[in-house]
Amino acid sequence: MAAIPDQTKLPFKVALDVVLQGIRIRFGRSVVTISGVILGVAFLMSILSGIVLKEGVAEEDELRLEIQRMQNFLEAETGLVADRSFAVIPVGPLSTPEARFLERLKRSQASEIRLHDPRGLLTPAQADRLRTLPPDRLMEQASGLILMGSAAADDLDLDITTVMTGARQPVIALSNPRATPPAPAPGVSVIRLSRELRPEEIRAREEQARKDRFRDLWIIAISILVTVIGISNAMLMSVTERFREIGTMKCLGALSAFVRRMFIIESAIMGIVGGLLGSLGGFLFTLVAYLVTYSPGLVFTGLGQGLGLLAFAGAAAVVIGLVLSIIAAIYPANVAARMLPAVALRSNV
Amino acid sequence: MSDASQPTGPSPSQAVNRQVVAATTVPTDRPLTEADIDALMAYPAGEPPAMVINAIDVKKIYRQGTHETHALRGATLDIFKREYLSIMGPSGSGKSTLFNMIGALGKPSEGKVYIDQVDIAHLDTNELAWLRCRKVGYIFQSYNLIQVMTCLENVTLPMAFAGVEGDAARERGIRILKLVGLGHRILHKPAELSGGQQQRVAIARALANEPEIVLADEPTANLDQHTGQEMIELLARLKDELGVTIISATHDLKMLQQSDRILWIEDGRIVRAAKPSEVDFSSKEFDH
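Here the protein sequences line up with chains A and B, keeping their order.
Read in order, the letters of the first sequence are residues 1 to 349 in my numbering.
Read in order, the letters of the second sequence are residues 1 to 288 in my numbering.
Hints were generated in silico from the structure; no laboratory data involved.
Hints are not guaranteed to be accurate.
Said to hold, decoys possible - List of simulated lysine-lysine pairs, BS3-like, C-alpha gap at most 27 Å: (1) B:107 - A:9; (2) B:275 - B:254; (3) B:254 - B:284; (4) A:211 - A:54; (5) B:107 - B:81; (6) B:189 - A:13.
As the list claims (entries may be wrong) - Partial list, computed: chain A residues near chain B (C-beta under 10 Å): (7) 9; (8) 24; (9) 130; (10) 256; (11) 292.
All residues carry an ideal CB built from backbone N, CA and C; glycine is no exception.
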């Protein structure tokens with residue numbers, strides 16, 4: 001019996017060429033298949049970026065509330081800040097809400113914000129537009145002294161009575177919840193601008209956070225499931241409708257491995273393209289939805305905070321799209337590869 | 001079809017002996033003449049001619065769950081080099097199955113099929129692919145061209161599977177397309193061509209790797225009579241020029257008349273074999 005050599009194994013490039021040509025020429029059909037991948041990945045990505053944006057927006061929202069609350073507490077004691085003067089003495093580094101509160105005061109209609117900063121704790125940007133005065137003239141006709149930072153006011157060696165000389169309203173406000181109030185002085189009222197959370201409030205918040213986290217995970221799991229089904233369906237269709245073509249190729253001498261490889265390459269290309277477009281589309285969709293719902297400033301600030309997380313989510317969505325596409329193609333590709341040429345030719349899918 | 005003569009092939013023991021004898025009485029330098037065919041048909045009394053396919057008591061059973069379908073119930077036949085063989089049979093007769101067996105598209109459940117003296121039952125899928133790629137060319141009723149490829153790409157695809165690529169493949173592809181009369185259409189897509197032109201591309205593709213055997217499954221069934229006639233003439237010409245063996249399943253009268261030998265298959269068995277000169281083509285059997 002004559003020996004039959006092994007069929008030529010074609011290089012990767014041949015399979016790639018056949019695939020690229022197929023995608024190019026079957027463009028309309030490829031677009032439909034890729035759309036399946038895009039939809040799946042976009043759904044996943046919109047869920048992911050929604051979670052990230054929501055987190056960022058919620059943080060920013062909380063911060064704004066807190067600053068508003070600080071102003072409200074101050075105004076409750078001194079009256080509206082408009083046309084009044086205030087003095088600021090930083091006793092320690094400013095927390096984020098405090099820095100933002102200072103910015104807010106500067107932008108408010110207060111007639112003057114004065115500063116005494118013996119330790120140089122404020123950055124030049126923070127100190128900008130503040131009028132630096134010596135301690136004894138600081139409170140002349142001013143409505144309140146705001147001590148910022150968490151250190152104890154008494155460490156500054158300030159004589160509160162001297163500082164408060166000439167004050168229109170002898171009010172000392174502590175903007176930091178952990179600040180230690182100065183020693184009491186006669187006629188001087190001390191208020192806190194921050195609100196301590198009660199234990200049950202803290203517990204309720206933790207409970208809410210846990211519920212949110214669980215719901216997020218649940219939604220992510222569901223969206224991955226939707227992605228899996230969408231992509232599998234797209235790949236299954238694109239393989240089964242070409243059984244006839246596969247049968248023809250096998251009649252012409254194509255190896256099973258070649259057929260399998262062809263479909264895996266094709267699905268990988270579709271997975272990458274669909275994954276990129278899908279995660280971009282999903283992100284943009286969510287961004288627009290948030291811009292419509294919330295104020296742009298809030299959304300963009302929230303976006304800035306979650307940028308790293310968003311990039312990670314995007315990369316994850318692309319990888320998931322790619323991996324799922326390949327996995328989804330393995331089964332139909334194997335069926336196609338194992339199929340006898342005669343059977344493949346007869347199928348009328 | 002009452003003339004149920006025994007299959008023309010030899011008994012299994014004779015066939016096995018013939019594997020050893022490789023001598024040929026068939027002229028290779030000129031087209032076969034009537035006398036040559038007579039000599040071939042006279043076998044096994046005469047000297048053994050060169051054979052390209054021997055099928056010995058081939059049975060094929062398709063199993064679907066517990067249900068068994070006996071598509072072939074023991075078909076024995078020899079196909080000689082450079083022969084133009086037509087196979088007739090109603091649908092469900094096992095014709096397609098026999099076709100698949102002798103075209104290395106499937107393996108028999110029982111019996112032997114030798115293609116060019118190689119028992120296909122012993123080949124793995126890889127070797128079968130090699131065989132299909134180089135030894136056999138296929139022509140289908142519905143052309144089965146790959147729609148996304150140009151004519152030239154369709155023809156060079158089997159060459160790529162055989163490892164022939166680039167300019168060599170292009171040149172050979174153009175040469176073959178010219179041979180089938182499509183030299184001016186090489187960069188067209190199948191959808192831009194008429195049925196006859198598509199079948200010409202399919203024929204060119206079948207010839208891409210210079211096979212010894214061309215299997216044609218109802219090649220004229222989807223064509224009008226005139227185009228079908230052209231196709232038959234083309235096949236006959238190619239057989240003479242390239243010296244290939246052509247095996248076709250057909251009911252086309254013109255095609256039957258053109259062939260060297262006609263086999264009738266019924267219920268999984270070969271029931272009759274005859275030369276066209278022995279057949280009464282005016283009989284009711286050939287009315288459609």
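Evaluated hints:
no., hint, in the structure
1, B:107 - A:9, "holds (23 Å)"
2, B:275 - B:254, "holds (14 Å)"
3, B:254 - B:284, "holds (16 Å)"
4, A:211 - A:54, "holds (15 Å)"
5, B:107 - B:81, "holds (22 Å)"
6, B:189 - A:13, "holds (23 Å)"
7, 9, "holds (9 Å)"
8, 24, "holds (8 Å)"
9, 130, "violated (72 Å)"
10, 256, "holds (6 Å)"
11, 292, "violated (43 Å)"
Hint check: violations occur at hints 9, 11; the rest are consistent with the structure.
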